[in-house]
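**Student:** Reconstruct the complex from the two isolated chains, following the hints.
Chains U and V, in that order, are what the protein sequence lines are.
Letter by letter, the first sequence follows residues 306 to 576 in the numbering used here.
Letter by letter, the second sequence follows residues 2 to 279 in the numbering used here.
By construction, these hints were calculated from the structure, which means they are not laboratory data.
Cβ atoms here follow ideal geometry from the backbone N, Cα and C, with glycine treated the same way.
Please note: incorrect hints may appear among the correct ones.
Claimed, not checked - When the alpha-carbon atoms are kept at most 30 Å apart in a straight line, the in silico DSSO-like pairs for lysine-lysine are as follows:
{"id": "1", "chain 1": "U", "residue 1": "359", "chain 2": "V", "residue 2": "144"}
{"id": "2", "chain 1": "U", "residue 1": "308", "chain 2": "V", "residue 2": "152"}
{"id": "3", "chain 1": "V", "residue 1": "196", "chain 2": "U", "residue 2": "557"}
{"id": "4", "chain 1": "U", "residue 1": "465", "chain 2": "U", "residue 2": "311"}
{"id": "5", "chain 1": "V", "residue 1": "220", "chain 2": "U", "residue 2": "557"}
{"id": "6", "chain 1": "V", "residue 1": "152", "chain 2": "U", "residue 2": "465"}
To be verified - Not everything, but these chain U residues come out facing chain V in the computed CB check (under 8 Å):
{"id": "7", "residue": "310"}
{"id": "8", "residue": "391"}
{"id": "9", "residue": "443"}
{"id": "10", "residue": "540"}
As the list claims (entries may be wrong) - Calculated Cβ distances over 10 Å to all of chain U for the following chain V residues:
{"id": "11", "residue": "2"}
{"id": "12", "residue": "3"}
{"id": "13", "residue": "4"}
{"id": "14", "residue": "6"}
{"id": "15", "residue": "8"}
{"id": "16", "residue": "31"}
{"id": "17", "residue": "48"}
{"id": "18", "residue": "122"}
{"id": "19", "residue": "164"}
{"id": "20", "residue": "167"}
{"id": "21", "residue": "177"}
{"id": "22", "residue": "182"}
{"id": "23", "residue": "186"}
{"id": "24", "residue": "189"}
{"id": "25", "residue": "191"}
{"id": "26", "residue": "232"}
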Amino acid sequence: MKKISKKTLNSAFWRWWYGNLTCFSHEHMQTFGYMWAMIPILKDLYPTHEEQSKKLETYYAFFNTEPQIGCIVVGITAGLEEARANGAEGIDDEMINGIRAGLMGPLAGIGDSLIVGTYIPILLGIAVGFAEGGNVLGPLFYIIVWNATSIWFQKFIFDKGYSLGGSAVELLVGEQATAFRESVIILGQVVVGAMAASWVNITTPIQIATNSEGEPVMLQANLDGAFPKILTMVFVILCWWMMAKKGMTPIKTLLIMAIVAFVGSVCGILG
Amino acid sequence: MSLFQAILIGLMSCTAASTIACLGTTVGNYTLNRPLVASLFVGLILGDVTGCILIGIPMQVMWIALVTPGGTVASDLRAVSYIGIPLAYVGCRAAGIDYASDEAFQLASSISALTGTIGITLFYGTAMMNLIWQHIGWAQLDKGNFEIVGKVDTLMPLISHFCLSFLPVTLLCYFGSGAVEEVFQYLDVSVWYVKALLTVGSVLPAVGMSILLKSVVNKTSDLLYFMMGFVLAAAMHLTLLAATVIGGVFALINYQLTMAKKAPAAAAGVIVEEEEDI
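If we strip away everything but chain V, and leave its shape as in the complex, we get (with noise of 0.2 Å):
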């Protein structure tokens, strides 16, 4: 890898930054921060699209669901999608690993938890730094010079990114690539610890699925929509968005039974009050 495309892929870094992400929410953080999209970019820059969004699925899959609820997170997405999937990229290369072959899955799905666990640090390490500018913010705020909160909200933070995204990121890819490559060359699937690592890969997507899960499972006994779900696909072979289908079936049922059960109550409601009117 150049050190031009290492540097490129530090500045997408920044604009990605998780929940920090210098191009805001929705663009940075629920857009060019989630892996998928991420392997869009990281392959233009290195020049095999098809290649880093096979790389780049399963990472996606790894951490489909992420809330961060009060701040705490899991997993930082930037390192995933920014290191990992680079450095994931060159090593099935230099493994001569197919991208859409069940190795280079398992591989890149526990390069993205370890990336991703890891990368919680840069996000803890930019909240961090951001305390200094929002300290100069309120020092300011006193004296009423309001002008200062845009400064602190906007500008000032690209120095925790510079700091936090853009180098680290920078110089993994750049000095990584090669280890990577190097490390990669003799990997022989068939020995017992690679097998072992490989296995991990293909259990740890069942964590990924299950924060996900408990994302929208509140009770136990949903559990058995979820269940549905997987047979739908296991079994009957249906694809994600028919399995979406039958999915909103269940749904529509849900809703009309439950505004039916409350229009009675409803009805009865202006009842009364017309009573009361007489």
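Just chain U, same shape as in the assembly (with noise of 0.2 Å):
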């Protein structure tokens, strides 16, 4: 009975982990990283360099998926990598590859807008806040609490994979995993609101009238008095309706923003 021993786990958790996007290219994007990543565990379970090699041609095949996620992908694949070397039936190239391929794209819709879209924005806006006038803090919160948490998490998901194997994808698309995720981008949505009240501010310079006292009656007074800071709201959820309605890309979007306000403070409604 072969097993992969603790000390190859570690370096190949370690190498998936550092070595996954250093060498990305449009064409392979992980792949280079996943081999890397493969071959402490196969020089483990097979005795021979043909073998090795031969077994490597398994994790020719692409792949791309959000790699922090992706970790717990390297440690299915590690666990049936060691249960193909114990003769287990039906472990193949086909049968790994279809688990790969099945599983980098969920994965990454899942990684991108949890951990990327919501769990890092968060933590940066507070370590923003706290960065405030200019406070060493804020960047030290976001570095020490961001990599605590995201390499623990990468190392806990990993040994998950490599000992529950397949059944391990439940923990993060399961029933619970997914009334979870629903609840944390609710939190998400929120504090998007928060953040944008916080930091933008679009203002106007426009004069609807005088008062009986002689003193500029200010558009943006009033508009604040219904609703404060409306006109950065709509102007963020325009370019939202923008990308997310109209499929415009985020330079794109930029780009006629940009001239709006120009255009907008030229003819003194902006600014």
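**Tutor:** As structure tokens, then:
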């Protein structure tokens, strides 16, 4: 009975953790990082160089996902490779790559929306709060909290992937995990709103009338009286609508907004 | 800026070269690459941590969420962090603008958008150049030499970083800072076109926020949660941490509701199974 040593598993994990995207290209994306992580495992399980290099061919196939949540896939394939080395039935190149290909899409979706789209912005948002006035505490907070939690999480799901195999995915896509994820995203929506209100400030210098005492009546003050910072909110939602509903790219939206702001300022509507 | 300082900033940009960063995803891309973190290091190099962090905040806000699905990017943060921050800092210093002022915020936002967008060429350039190393890798793999994989994945991309991070960043910081200083020395914020540029800087963060909004909103009704968060901060003047707590309460309620909805179905399923057993 062959078993991957703890040391080998650790080295596979750290190789993937470090090297998943270091040689990124649009053609092969994370393929080389994946192969590099699998090599110690193959060396541990198969005695001859020929066999090792034959088995490595399994991992020639294209791979790309959100690499941090993708740790679980590397863990799963480590487990599968161990089973294959012990002569388990039905584990071949096709099966391993079927699992890899089947997982990378859904996991990328979860990782992008939850880690990159929610967790990191919230941490950064809190860090920006701490950094106000140029305080070093802000960046330090982010560096420590992000690295500690993220590395712990990646090691955790890597180990789960290895020990539980395919059923480990339930941890991330099961009923409970889905409900949890959707709830965290609600938290994200609320926080994004608070961020937009705290950091974006779009104003108008338009004067709508003069009151009986001869003082100017400003549109901005009237708008804020009805709904504080409504102009800012309208702009954020407008940009969202352009990207989400009209399918514009962020760069195109950026360019349009730059022109709107420039022209608006020259005409005396914005700024 | 001295050549030595420019070289240090150039080296930092390699460690943090976006998705392809030579210190990996967690440390390189998601830590050192973020403008807020970078501002600390640029500040240490330039000798003014407080000033650089103040410049770094609006740059971070601009690109707070940067999801790169399938390797398509909206911005390259290495350019924002290690070209944008040093040049914006030098510019504000030359113009005598207070780093904590609205003008500095708007100026930094504009520079952030500009450097991030132009920096995309660095991202695609690095990814293209890595194709060479991968080509070498495949050729060696065909011969059965799989030890090459580690070199292809870790050592060879350093050459890409030297050509497409270190050189452009170092040169731009070294030669660019002088030019920026000269232009900014005579900057008058009351001229109409400078005013217009500052307005651009106040509107652009809205685009950054909407990129983030897009990554968390799935259906239009979700916008109500966004508006709630907005009202919490704008009308009730809650801080971000306080708003996070209130968001957490709504998240908990939603979680319990979802699980409660599923519980009877699961319980029913158990009964059916038991009957079958009988």
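**Student:** For each hint, tell me whether it holds in the structure or not.
**Tutor:** Do the hints match the structure? See the list:
1. Under the criterion of a C-alpha separation no larger than 30 Å, the hint pairing residue 359 of chain U with residue 144 of chain V is consistent with the structure, at around 11 Å.
2. For the hint linking residue 308 of chain U to residue 152 of chain V, the alpha-carbon distance of about 27 Å falls within 30 Å, and the restraint holds.
3. For the hint pairing residue 196 of chain V with residue 557 of chain U, the CA-to-CA distance comes to about 23 Å; that is within 30 Å, so the pair holds.
4. About 14 Å separates the Cα atoms of residue 465 of chain U and residue 311 of chain U, which keeps this hinted pair within 30 Å; it holds.
5. The suggested pairing of residue 220 of chain V with residue 557 of chain U holds, with an alpha-carbon distance near 22 Å, which does not exceed 30 Å.
6. For a cut-off of 30 Å, the pair hint linking residue 152 of chain V to residue 465 of chain U stands: about 29 Å separates their Cα positions.
7. Violation of the interface hint for residue 310 of chain U is found here, the shortest Cβ-Cβ separation to chain V being roughly 19 Å, above the 8 Å cut-off.
8. A cut of 8 Å between beta carbons decides the hint on residue 391 of chain U: the least distance to chain V is about 22 Å, and the hint is violated.
9. Because the smallest distance between the Cβ of residue 443 of chain U and any Cβ of chain V comes to about 6 Å, under 8 Å, the interface hint for this residue holds.
10. Contact between residue 540 of chain U and chain V, as hinted, is supported at the beta carbon level, the nearest pair being about 4 Å apart and thus within 8 Å.
11. Non-interface status of residue 2 of chain V relative to chain U is upheld: no Cβ of that chain comes within 10 Å, the nearest being about 20 Å off.
12. Remark: the non-interface label on residue 3 of chain V is consistent with the geometry, its nearest Cβ contact in chain U lying 23 Å away (cut-off 10 Å).
13. Remark: the non-interface label on residue 4 of chain V is consistent with the geometry, its nearest Cβ contact in chain U lying 26 Å away (cut-off 10 Å).
14. Every C-beta of chain U lies more than 10 Å from that of residue 6 of chain V, the closest at about 19 Å, which supports listing it as non-interface.
15. At roughly 22 Å, the least C-beta separation between residue 8 of chain V and chain U is larger than 10 Å, which holds for a residue marked as non-interface.
16. Not every beta carbon of chain U lies more than 10 Å from that of residue 31 of chain V, the smallest distance being close to 6 Å; the non-interface claim is violated.
17. No Cβ of chain U comes within 10 Å of the Cβ of residue 48 of chain V; the nearest lies about 13 Å off, and the non-interface call holds.
18. With a least CB separation of 12 Å from chain U, residue 122 of chain V remains clear of the 10 Å interface cut-off, as annotated.
19. At roughly 15 Å, the least C-beta separation between residue 164 of chain V and chain U is larger than 10 Å, which holds for a residue marked as non-interface.
20. At roughly 16 Å, the least C-beta separation between residue 167 of chain V and chain U is larger than 10 Å, which holds for a residue marked as non-interface.
21. At roughly 21 Å, the least C-beta separation between residue 177 of chain V and chain U is larger than 10 Å, which holds for a residue marked as non-interface.
22. Every CB of chain U is more than 10 Å from the CB of residue 182 of chain V (nearest about 21 Å), matching its label as outside the interface.
23. Remark: the non-interface label on residue 186 of chain V is consistent with the geometry, its nearest Cβ contact in chain U lying 23 Å away (cut-off 10 Å).
24. Every C-beta of chain U lies more than 10 Å from that of residue 189 of chain V, the closest at about 15 Å, which supports listing it as non-interface.
25. Residue-level check passed: residue 191 of chain V sits 12 Å from the nearest beta carbon of chain U, beyond 10 Å.
26. Some Cβ of chain U comes within 10 Å of the Cβ of residue 232 of chain V; the nearest lies about 8 Å off, and the non-interface call is violated.
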